[in-house]
Structures are given as C-alpha cells and as structure tokens.
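Model the full assembly from the supplied sequences, consistent with the hints where possible.
So the sequences go chain by chain: A and B. Count along the first sequence starting at 1, add 22, and that's the number in the working numbering. Count along the second sequence starting at 1, add 128, and that's the number in the working numbering.
Treat the hints as calculated values from the structure; they're not laboratory data. It cannot be assumed that every hint is accurate.
[Stated by the list, open to error] If the Cβ cut is set under 8 Å, some of the chain A residues that face chain B in the computed set are:
#1 Ala156
#2 Tyr261
#3 Ile283
[To be verified] Covered stretches of chain B, as calculated for chain A (at least 3 residues, CB under 8 Å):
#4 153-162
#5 186-198
#6 338-348
#7 357-365
Backbone N, C-alpha and C fix where the C-beta goes; we use that ideal spot for every residue, glycine too.
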Amino acid sequence: MKTKTIKKKDIASFLDTLLTRYEVFAPVERDERVVFEAIGAGSEATLDYQNTTMPPKGILFPQTEQLFSYRSTKDTADIAVPSFKEKPQLIFGIRPCDARSFLLFDHAFDGDPYYINRRGNTLLVSIGCTHPQAPCFCTSVGGGPFSEEGSDLLLIETGDQYLIQIVTDRGAQLLEESGFKDAGKDALTLAQKMIKTAEASMGAGIEIDGLKEKLDSSFENPIWQELTEKCLGCGVCTYLCPTCHCFDMVDEAEGSTGERIRIWDSCQFPLFTLQASGVNPRPTVKERFRQRIMHKFSYMIESYNQIGCVGCGRCITECPVNLDIRQVVHTISKLEALS
Amino acid sequence: MPEVTKKIREIARSLLQEKKVDLVIGFEQGTLPLRATPCFVRGEKEVDRLVWDSFCENNLATYLIKRAERVAIIAKGCDVRTIVELIKENQISRDQVVIIGIPCQGMFDRRQVEAVLQGKEIQEVTEKDGQLILRGGSFKETLKRDTFLYPSCITCTHRNPVIYDLLVGDPVPELSTDPYQDVEEFEARSAEERWEYLIKEFTRCIRCYACRNACPLCYCQECFVDSSSPPWIGKTTDESDTAIFHLMRAFHVAGRCTECGACERACPVGVDIRKLNRKLARDVKERFGYESGVSLEQVTPLATFKPDDPEEFMVNP
Ligand code: SF4
Ligand code: SF4
Ligand code: SF4
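The following block contains the structure:
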C-alpha cells in the first residue's frame, strides 16, 4: 500500500487546495463544541478533537430533506425534484468508525437516488484515533481505531506529521500534484507503534461470537423488562448513532402546493410503529429498545451480513440515563437459553 | 463508603425487609467516569448496588408515574418538588411513595469537567471535602465541586427536600444568590436580541425529545409532538418547527416546572432549555405568588380562578 506524509502545519493549505475542487466538510469548533460543517478555509478545521457528538451521517442523509415539491392546478400537477448538487464533496477528518458506518448505509439506501448520488460524489478522508475513549469499542465489531474500511485516505498521527495511507484510487487522485513525500521507514515504524498502542488501550468491548443466536432465542426473555426499565424512550441513542437510518415521510401541503419531506425517525418513539388502527405492536420502551438491539446485532447481519454497530460509543456517552449498550449485550450473551 | 450511601442502603434494606415497599428507586454506579445511573431494587440482595455521589443527576420522579407498586424513592431537593407537583396533579398518590429525601449540595456537570480535561481520559474519581480528584494515565486534577455544578444547581432555591418520610444527611444551607439574575438579564435585552438568542439555541435542537422524556412533568398520554393526525406541529428541524416545539413545551410546563433542570442535562447538544421555562416560572411567582412544588396545599394557578384576578393581559394586550 502506498503511503505519503504531510506535516501537521500543512493541513490547512492542503485543505485550501482541496476547497478549489470540493465542498469540504470538516470538524470545526462551534459554541464550545466540535461539529462537522462545510468549511470556507482550511484554517477553520480542527483535527484536535475526540469525536463529535453528532455523527457526520447528516451530510449524506440529512435530518430533513425535501424529496419533491408540487403545484397542482385543476387538471395538472407540476412536480419538481430538487436538483442534485454537482460539485463533488469531501468529508475530512472523519473517524474510522463513522467512515465504516456509510458501508451500512450503502446497503440500506441501495436504490435510493438521493443518497446514492451524494454518496458517489463524496470522498472520505479519515483520521485514525490515537487516543480511543472509554466508551469506544470499534475493535469488537470488526473495526479499529485505524481501520481504513470505507475511507479513501486514512491519516495516522505521528508526532508533528501525519502518515497518509492511500486506500482507494479516488484517494490517490486527491494527492496528485500535492508534492507530498513518500513515507520513509521511520514514519512507517512509528505509525505501526501508534496503532499498536491505541489498540492495546481499548477496553474489553462486547462479545459478538454467538450473540446473534442468543438474541434470536431471547426475544421473549423477561430480562428485556429489567434491562430497559430506566430507558426514557428518547431519540438520543438513535439520532446520534452513525448507523441508525430510519426515516419518516411527511407531506406539508398548503392549498394547491406542497412538498414531501424525508426526516429522521427513531424506533424509540411511540409513533414509529403506531398503526392506523390505533394498535401499536411496540407499545412500551421494552419492545422499542429491544428492536434497536435486535436490528443492530441480528437483523442487519441477516440482511446485509454486517453488524449494525460500529462501536463509536456515542449512545453510551450521551444516553441521559447511562443505559450502556455494552452492558445490555453482555447480559444477553450470558443468558442461559430459555427453554 | 460515604455515610449517605451507607444510610440509603440501610433504609432500603429495612423497607424491603419489612415489606413496606415493593421497589426502591435510587442510583447505582454508572459505566463511565462521572456517571451514576438509575437503579431499581426489588430484593434485599440488590440493595448494595445503591450509591450516592455527585453524579446522581437524573430526576427519578419520572419513574413514579403509572406505577402500581409501592415505591421508595431517593430524592434530592428538586426531585421532591417534582414529586409534590405530581401528587397535586393526581399522577401519584402520597401514600404510594416513601420519599427518602436527601439535602443536596448540587450535582457535578460532567460535560463542563470533560471540557476542562480536553480529551484526557479519567480512570479514577474520588470525592473528598468538597473536592473531586480525577486521575488518569498521566494526570491528576483536583477540582472544587462548587465550580462545576449544573446551571440548575446554581439557581436552586430548595436544596433541602420540602417534604419527606425519611431524611438522609444533614440539612444544607440554602443559596443566598438571586436565582433569577440570568432571567432579569435576559428580560433587559431587546425583543430582537431575545429572539435571536432563543433561535440560535433552538436551531441546535435535533428534536430527540430527551428533554421532554426526562421531564417528570411531561407525562401526557399523547404528547402534541407525537400526534400524526392531526399533526399539531411540523416534524422537521427547520427553525419554525423547532421553535414551535420549544415554545409549546414551555407553555405546557408553565406554573408546573420545578426548575430541576432534568431537561437540560438530558439534552445531547446543550440547548438552553431552561431560559424560557424559568422566565415563565418567575412570571407565575410574581403574578400569582405561586412557586411550584413547594407545598402540597397551595392550589396550582392553572387549576383555579379568582373573580378578582386583575387580568392585565386582557386589558393591556
Ligand atoms: S437508551 Fe438512553 S438514549 Fe436510548 S432511548 Fe433509552 S434513554 Fe434515550
Ligand atoms: S449503537 Fe451506539 S456504539 Fe454502536 S454505532 Fe450506534 S451509537 Fe455507536
Ligand atoms: S433534548 Fe435537546 S436536542 Fe433533544 S429535543 Fe430537547 S432540546 Fe432538542
């Protein structure tokens, strides 16, 4: 694999060059928080951050998106579909877990023109995690603090420079004419050391082996009641999850004009499965929380042969009542099968 | 083990042993540093899970609603105020709950602490003499607890439970600072500035409803945001939809909100939710002489009508 190096102080000017060709999204500081935003200058970006509270998923799957608008007259209806943004875009400084999450989206939005167009037009330059945090468990769900899966380029911090791992051809094209030097032996050894240290610093995580079978056989286990008793049924864990992608459609009409909008939805909300008859097959947080776990660790494996969680830890950090997905999974995997 | 934790366990054990309650709701150690988490204890064997520290930030009163069991609940000053409101609103009955009141010195704002640490990872936390000692691989940081309290704890007016069945710990002095200073400052701004401030806060909102769900007083069987036919309110995150959500919610808790701050602590993106709620709370206090959750007897302003009400808002629109 080809590798290059870039000095930390040259990142801003590298971004400035990219900005001539791409719309660039990068972590920026806003009101004492780091969020992904479109930047106007390379100097706005910060790579000195742990991870953002909000995942960058909204860049490819906006929380609110108009699908079409219409205007009807007595016998005609004009439908307008928003035009697709031609300018290619790039997400810079995305964490490896979040980069991997888009591989799941690729399955979920297979055939969806809004997503596919944007996705085909987007490059991902990720930055490896030198300091994985307490809630991180990417290594137990197939990723790693320096996983390159899903990325076009991966940056590895080595002292005052980054090693750039070139993952895809599209990634390689980004570096053409950049003049960055090939990485020397020292840089490569140092990078290997950083990767080893980071991986070794990660907590125990979760056990995936046999989990799906356990979940499938524990659907009716009363343990779910106990596990979910403190759950508030809010949308934090799903809205902040980089792999959660459920949505709702709303029609906003005013007289003869209107629009259809796609918005994020959450399996934790009562309305999510409320049927027109008034029946709700998931009437309480128990069924809803169970759905979230089943979807990630059983159904997505069935549908896409992929675990539906990338181990970013956001749902653990931000759950208002500290309902920890790792603990839930652990409890389930230790269950004796219900006979 | 801290004295309060020890006492809580003793009380919980004897209440369960003597079958006075079926369930004790309290806190146990969380899975991350600076976190405690709600805990439901039904058997004596589980009692030793209970803890009390500076991270018991959730308002557990939210778990009392629609419960058939007899419950003992660990409650801080603000939690007790919410319980009082819930009793007055007939959501729980007084004889169904055993209130284990705890005079509270404020809860630690984990996000503020994390901001100070700038990503350094905490491995161990100890509390001693009003100080918090955080240790990580390569650092040790000693923080004064009073400088890192939640905003709601800084403006708290009833740190000591107003009613209780059992009290654990010694009463603490109430704060002497003006609790509504920030509201007064806000009121002094021009209408445009106020709106600009609120809109800036609201546009950060992701409509996750953690604020509503954490709020013990948001117990409506069907919340206006959850209705799809009719859709009372737009579901998008554009400015007007989000603003309407916040304005409506503020009105729905006006004269009821006990300023416990559970909404704001639950918010993942740090929206200033309390500003409006507290503005309304202060208006209610000034105009109707009513402070929510401080007495079981006083009639709630929205549940009464006085023929001699000045009704200024009618004559001076
Ligand atoms: S697990 Fe936590 S974040 Fe998720 S719905 Fe329940 S309370 Fe909200
Ligand atoms: S389930 Fe939690 S840890 Fe897994 S990807 Fe989603 S937010 Fe991250
Ligand atoms: S908790 Fe925060 S983000 Fe969620 S709905 Fe409330 S204000 Fe909005």
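Hints versus structure:
{"no.": "1", "hint": "Ala156", "result": "6 Å, holds"}
{"no.": "2", "hint": "Tyr261", "result": "5 Å, holds"}
{"no.": "3", "hint": "Ile283", "result": "6 Å, holds"}
{"no.": "4", "hint": "153-162", "result": "holds (count 4)"}
{"no.": "5", "hint": "186-198", "result": "holds (count 3)"}
{"no.": "6", "hint": "338-348", "result": "holds (count 4)"}
{"no.": "7", "hint": "357-365", "result": "holds (count 5)"}
Against the hints set out earlier in the document, no violation occurs for any number.
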